[in-house]
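J.: Chain by chain, the residues:
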Amino acid sequence: EPEVTQTPSHQVTQMGQEVILRCVPISNHLYFYWYRQILGQKVEFLVSFYNNEISEKSEIFDDQFSVERPDGSNFTLKIRSTKLEDSAMYFCASSRDSTEETQYFGPGTRLLVL
Amino acid sequence: RKEVEQDPGPFNVPEGATVAFNCTYSNSASQSFFWYRQDCRKEPKLLMSVYSSGNEDGRFTAQLNRASQYISLLIRDSKLSDSATYLCVVTDSGNTPLVFGKGTRLSVIA
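Residue numbers (this note's numbering), protein chains in the order written: chain A, 1094 to 1207; chain B, 1176 to 1285.
Next comes chain A alone, as it looks inside the complex:
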């Protein structure tokens, strides 16, 4: 069964450093998403991406964040200058097309900012 994959599974970084989280969505999916979950809190939407551009973003997704689809398979989330409060689990998700409601989640990257 096809699945969303994410790398790395864990990332530890120093405050102020840049991190890039990588995702490989399911191959025939057209819509891509990033969500985050701070420990003990709910899953929160960050950004959605379709047709090589951002389709929607939340207030969390400020200028420190960017997304990119550098090739036909990868979808990345970059945090330019990490803050302590960026520590969270980051989930990538994808969905097939405009008729498909189900978003399939990757296993997540646990980011710890020290």
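Derived by calculation from the structure, the hints in this document are not laboratory data. All figures in this text were calculated on a predicted structure; none of them were measured in a lab. A few of these clues could be false.
Unchecked claim - For each label pair, taking beta carbons as the anchor points, the in silico distance ranges come out as:
#1 B:Ser1243 <-> A:Thr1098: 11 to 21 Å
#2 A:Ile1113 <-> B:Arg1251: 40 to 50 Å
#3 A:Leu1177 <-> B:Cys1215: 20 to 30 Å
#4 B:Asn1197 <-> A:Ser1191: 29 to 39 Å
#5 A:Glu1149 <-> B:Pro1185: 47 to 57 Å
#6 B:Leu1249 <-> A:Gln1157: 39 to 49 Å
#7 B:Asn1230 <-> A:Gln1157: 22 to 32 Å
#8 A:Ile1113 <-> B:Cys1215: 18 to 28 Å
#9 B:Asp1214 <-> A:Pro1095: 34 to 44 Å
#10 B:Asn1230 <-> A:Leu1177: 39 to 49 Å
#11 B:Asn1202 <-> A:Ile1131: 18 to 28 Å
Stated by the list, open to error - Cut-off 25 Å, straight-line C-alpha distance, at most; resulting in silico cross-link-like pairs (DSS-like, lysine-lysine):
#12 B:Lys1254 <-> B:Lys1277
#13 B:Lys1254 <-> A:Lys1171
#14 A:Lys1176 <-> B:Lys1254
#15 B:Lys1217 <-> B:Lys1254
#16 A:Lys1176 <-> A:Lys1150
#17 B:Lys1220 <-> A:Lys1176
#18 B:Lys1217 <-> A:Lys1171
#19 B:Lys1177 <-> B:Lys1277
#20 B:Lys1217 <-> A:Lys1135
#21 B:Lys1254 <-> A:Lys1150
#22 B:Lys1277 <-> B:Lys1217
#23 B:Lys1220 <-> A:Lys1150
#24 B:Lys1217 <-> A:Lys1176
#25 B:Lys1177 <-> B:Lys1254
Idealized CB from N, CA, C, for every residue including glycine.
Following the hints, position chain B against chain A.
T.: For chain B alone, coordinates are given in the frame of chain A:
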């Protein structure tokens, strides 16, 4: 602001028990409704979609009341493997952001 509210639990139930989860949502324009399951430190996984007519999948039954903006999930004959956090999720339509509740934690005890 779009909100989804759930009883945080935890619900501790013996094997074989029936357990019910409730959820309310604030955005009356919401069109699609789901229950996801999340195991500790894992990703959310779709358990079932929720339809206005109600739907059942084995031991799981989901109900939607649009007038009250209320969603429920019933688990019958609970198993140890049902122990997880159950997330109520709504969205405006396909491909729009999912709005998650904080989840209700379930522990099924032998």
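J.: Are the hints correct? Go through all of them and say.
T.: Evaluation of the provided hints:
{"no.": "1", "hint": "B:Ser1243 <-> A:Thr1098: 11 to 21 Å", "in the structure": "violated (40 Å)"}
{"no.": "2", "hint": "A:Ile1113 <-> B:Arg1251: 40 to 50 Å", "in the structure": "holds (45 Å)"}
{"no.": "3", "hint": "A:Leu1177 <-> B:Cys1215: 20 to 30 Å", "in the structure": "holds (23 Å)"}
{"no.": "4", "hint": "B:Asn1197 <-> A:Ser1191: 29 to 39 Å", "in the structure": "holds (31 Å)"}
{"no.": "5", "hint": "A:Glu1149 <-> B:Pro1185: 47 to 57 Å", "in the structure": "violated (33 Å)"}
{"no.": "6", "hint": "B:Leu1249 <-> A:Gln1157: 39 to 49 Å", "in the structure": "holds (43 Å)"}
{"no.": "7", "hint": "B:Asn1230 <-> A:Gln1157: 22 to 32 Å", "in the structure": "violated (41 Å)"}
{"no.": "8", "hint": "A:Ile1113 <-> B:Cys1215: 18 to 28 Å", "in the structure": "holds (27 Å)"}
{"no.": "9", "hint": "B:Asp1214 <-> A:Pro1095: 34 to 44 Å", "in the structure": "violated (21 Å)"}
{"no.": "10", "hint": "B:Asn1230 <-> A:Leu1177: 39 to 49 Å", "in the structure": "holds (43 Å)"}
{"no.": "11", "hint": "B:Asn1202 <-> A:Ile1131: 18 to 28 Å", "in the structure": "holds (22 Å)"}
{"no.": "12", "hint": "B:Lys1254 <-> B:Lys1277", "in the structure": "holds (23 Å)"}
{"no.": "13", "hint": "B:Lys1254 <-> A:Lys1171", "in the structure": "violated (41 Å)"}
{"no.": "14", "hint": "A:Lys1176 <-> B:Lys1254", "in the structure": "violated (41 Å)"}
{"no.": "15", "hint": "B:Lys1217 <-> B:Lys1254", "in the structure": "holds (19 Å)"}
{"no.": "16", "hint": "A:Lys1176 <-> A:Lys1150", "in the structure": "holds (19 Å)"}
{"no.": "17", "hint": "B:Lys1220 <-> A:Lys1176", "in the structure": "violated (29 Å)"}
{"no.": "18", "hint": "B:Lys1217 <-> A:Lys1171", "in the structure": "holds (22 Å)"}
{"no.": "19", "hint": "B:Lys1177 <-> B:Lys1277", "in the structure": "holds (13 Å)"}
{"no.": "20", "hint": "B:Lys1217 <-> A:Lys1135", "in the structure": "holds (13 Å)"}
{"no.": "21", "hint": "B:Lys1254 <-> A:Lys1150", "in the structure": "violated (39 Å)"}
{"no.": "22", "hint": "B:Lys1277 <-> B:Lys1217", "in the structure": "holds (15 Å)"}
{"no.": "23", "hint": "B:Lys1220 <-> A:Lys1150", "in the structure": "holds (22 Å)"}
{"no.": "24", "hint": "B:Lys1217 <-> A:Lys1176", "in the structure": "holds (23 Å)"}
{"no.": "25", "hint": "B:Lys1177 <-> B:Lys1254", "in the structure": "violated (33 Å)"}
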